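Enquirer: Take a look at the letters that make up each chain.
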Amino acid sequence: MRNPFLKNIIFYIAAWSTVAVVDIVILSRYYNLSLSLAIADSLVYNLLYANIAMNFWYPVKYLNLEKQKPFVVLMVHVIAALIVISLWLIAGNFIMNWIAEENEAYKTFALSAFLGRAVSGMLYYFIIVLIYYLYIYYFSFREKLTREADLRTLVKETELSLLRSQLNPHFIFNSLNSISSLTITNPAKAQDMLVKLSSYLRFALEHNKNSLISFEKELENSLLYLEIEKVRFGEKLIFEKEISTETMYMQVPNMILQPLLENAIKHGVYESQEPVVIHLSASKENNFLCIHISNNFEKYVVSKKGRGIGLRNVQERLLLIYNKKDLMKTTVNGSVFEVELFIPQQ
Amino acid sequence: MKTIIIDDEQLARELIKNYLSEYSSIEVMHECSDGFQGLKAIQELKPDLVFLDVQMPKLTGFEMLELLENPPVIIFTTAYNEYAIKAFEMNAVDYLLKPFSRERFSKAIEKAKEKTGAKENNSAHVKEFVQKLVSEERTERIVVKTGTKIHVIPVDTLHYIEAQDDYVMLYTKEGKFLKQQTMKHYEATLDNKTFVRIHRSYIVNVHEVMRIEPYEKDSYQVVLKSGVKLPVSRSGYALLKRELEF
Numbered sequence: 001m002r003n004p005f006l007k008n009i010i011f012y013i014a015a016w017s018t019v020a021v022v023d024i025v026i027l028s029r030y031y032n033l034s035l036s037l038a039i040a041d042s043l044v045y046n047l048l049y050a051n052i053a054m055n056f057w058y059p060v061k062y063l064n065l066e067k068q069k070p071f072v073v074l075m076v077h078v079i080a081a082l083i084v085i086s087l088w089l090i091a092g093n094f095i096m097n098w099i100a101e102e103n104e105a106y107k108t109f110a111l112s113a114f115l116g117r118a119v120s121g122m123l124y125y126f127i128i129v130l131i132y133y134l135y136i137y138y139f140s141f142r143e144k145l146t147r148e149a150d151l152r153t154l155v156k157e158t159e160l161s162l163l164r165s166q167l168n169p170h171f172i173f174n175s176l177n178s179i180s181s182l183t184i185t186n187p188a189k190a191q192d193m194l195v196k197l198s199s200y201l202r203f204a205l206e207h208n209k210n211s212l213i214s215f216e217k218e219l220e221n222s223l224l225y226l227e228i229e230k231v232r233f234g235e236k237l238i239f240e241k242e243i244s245t246e247t248m249y250m251q252v253p254n255m256i257l258q259p260l261l262e263n264a265i266k267h268g269v270y271e272s273q274e275p276v277v278i279h280l281s282a283s284k285e286n287n288f289l290c291i292h293i294s295n296n297f298e299k300y301v302v303s304k305k306g307r308g309i310g311l312r313n314v315q316e317r318l319l320l321i322y323n324k325k326d327l328m329k330t331t332v333n334g335s336v337f338e339v340e341l342f343i344p345q346q
Numbered sequence: 347m348k349t350i351i352i353d354d355e356q357l358a359r360e361l362i363k364n365y366l367s368e369y370s371s372i373e374v375m376h377e378c379s380d381g382f383q384g385l386k387a388i389q390e391l392k393p394d395l396v397f398l399d400v401q402m403p404k405l406t407g408f409e410m411l412e413l414l415e416n417p418p419v420i421i422f423t424t425a426y427n428e429y430a431i432k433a434f435e436m437n438a439v440d441y442l443l444k445p446f447s448r449e450r451f452s453k454a455i456e457k458a459k460e461k462t463g464a465k466e467n468n469s470a471h472v473k474e475f476v477q478k479l480v481s482e483e484r485t486e487r488i489v490v491k492t493g494t495k496i497h498v499i500p501v502d503t504l505h506y507i508e509a510q511d512d513y514v515m516l517y518t519k520e521g522k523f524l525k526q527q528t529m530k531h532y533e534a535t536l537d538n539k540t541f542v543r544i545h546r547s548y549i550v551n552v553h554e555v556m557r558i559e560p561y562e563k564d565s566y567q568v569v570l571k572s573g574v575k576l577p578v579s580r581s582g583y584a585l586l587k588r589e590l591e592f
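These protein sequence lines map, in sequence, to chains A and B. So for the first sequence, our numbering puts the first residue at 1; every next one is plus one. So for the second sequence, our numbering puts the first residue at 347; every next one is plus one.
Among these hints, one or two may not hold up.
What the hints assert, rightly or not - Distance windows between CB atoms, simulated: (1) B:T462 x A:I243: 36 to 42 Å; (2) A:S211 x B:D537: 54 to 60 Å; (3) B:R546 x A:S211: 28 to 34 Å; (4) B:K530 x A:F288: 53 to 59 Å; (5) B:L524 x A:P275: 54 to 60 Å; (6) B:T462 x A:D192: 35 to 41 Å; (7) A:F288 x B:P577: 56 to 62 Å.
Keep in mind the hints are simulated off the structure, nothing from the lab. Just so it is clear, the structure is predicted and the values come from calculations on it, not from any experiment. Cβ atoms here follow ideal geometry from the backbone N, Cα and C, with glycine treated the same way.
Throw the hints in and build the complete structure from the sequences for me.
Expert: Below is the structure:
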């Protein structure tokens, strides 16, 4: 942040000019100094002060009120003010002695005005410092407001894209089409699939964005999703799972598995003619629930798009919920894609 | 009327077959589960009507159509209901949004029957429509045919594109491929942060550029990593300058 007076230098000059004019009037009217001496005195002291005051910015800027104790801040400013004012008076006195030379009247005046000058110097110091502080607070307040607005938009966007990925319309309409086909050839199976699709959609719609649920429940819903896809793709989709029972009561964020399985299906099954094996395993390691998902894919196929959006979503959510990085790891091993999640447990 | 059904889901194919069983005049010759098979079947069996899914492994329905010189009457079956639908309507090719009713299906068949009568017109329509559709989407891969082989070229492996009359020549690490397409099309649909039209006749992949050097007076040329040198026009130089920020 730059010194606000540097940015508004005209205002600064105008303010000091006013003070200088007032001083001239007071000096000539009440202290009966000759006009030329009054002008000289006012110019010397005010010009000196205006220049020195520019530097008050630095202690204000580097002495953070939030980090330091108020007493410390106050003491620093009192000491700074004393030093600044002493220097100011000595320098002013030196220059005025040189200008006024042997003028006895001025010397008497200077002596009697000494205390008043010191007090007004102190007053100026604190007014200027106060202005600086107000400026800084106004500025950081405004910055905070914009940052909060930015954050809110970000959260909204993440939520929205999450919702969109969970309620993937392509998946829903293709499933409905499969059901439509089954109503003719196999009504019982059609009904079964319709119930599964409904349960899945209900779960996806009801979920509260960052709430934790048991792994058992999350797994149940993910299996629903896989079973629906299994009806669509038949032998092309092979699913294997290896779940340790102690993981069942562990906590996971809602809808964290589905995007990963969807990713496996999108890049594995959608793009392949050969059967695709999706393998899911879960185990407890230290204080983490470790989930591992792998799928094979056709290596030479150039995927069209959408790569990584689902994965990035999961990563962002984990970061948001646990405030920890590296909770998700992906590796490509030949024609096998693997993703690992490490979910912290309380 | 002879027809082929192309869809990667068996249940989806079965539904169409089932709906078709009411039409004695329509014979299902073949079923395919991806774009490659579909392309082969259409070329060999020359059906009058094709039911075509859009999202399929290896080759999408659109990419497959692009490779056909004389496309038959097409009825798209798709779960997408995005901008594509408008284009479908405007170009009088029918489409069925999954899931679709028997009534809607029979309307599509009626339209198809009319179309097969005036097939000449339709080919042009389909071509035009596919062009339009393809040009609305960001190009991520380019499909070309050399003889009987089909190459799927990811755009990031492209080095540069050269204009050749009604065609363009695509230069990649694997060699060069001729494709019937316009420079304007690629200029519009390729990511313009990566692909820059440096000259009337050239679009270059900036990741392949090794250096830009003066060439004669007042003009420049780019030298690619492969050693190839390409001329840069004045406006091309300005574009390069903007994208590479030098």
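Enquirer: Against the structure, test the hints numbered earlier, and report the numbers of the ones violated in rising order.
Expert: The structure conflicts with hints 1, 2, 3, 5, although it agrees with all the remaining ones.
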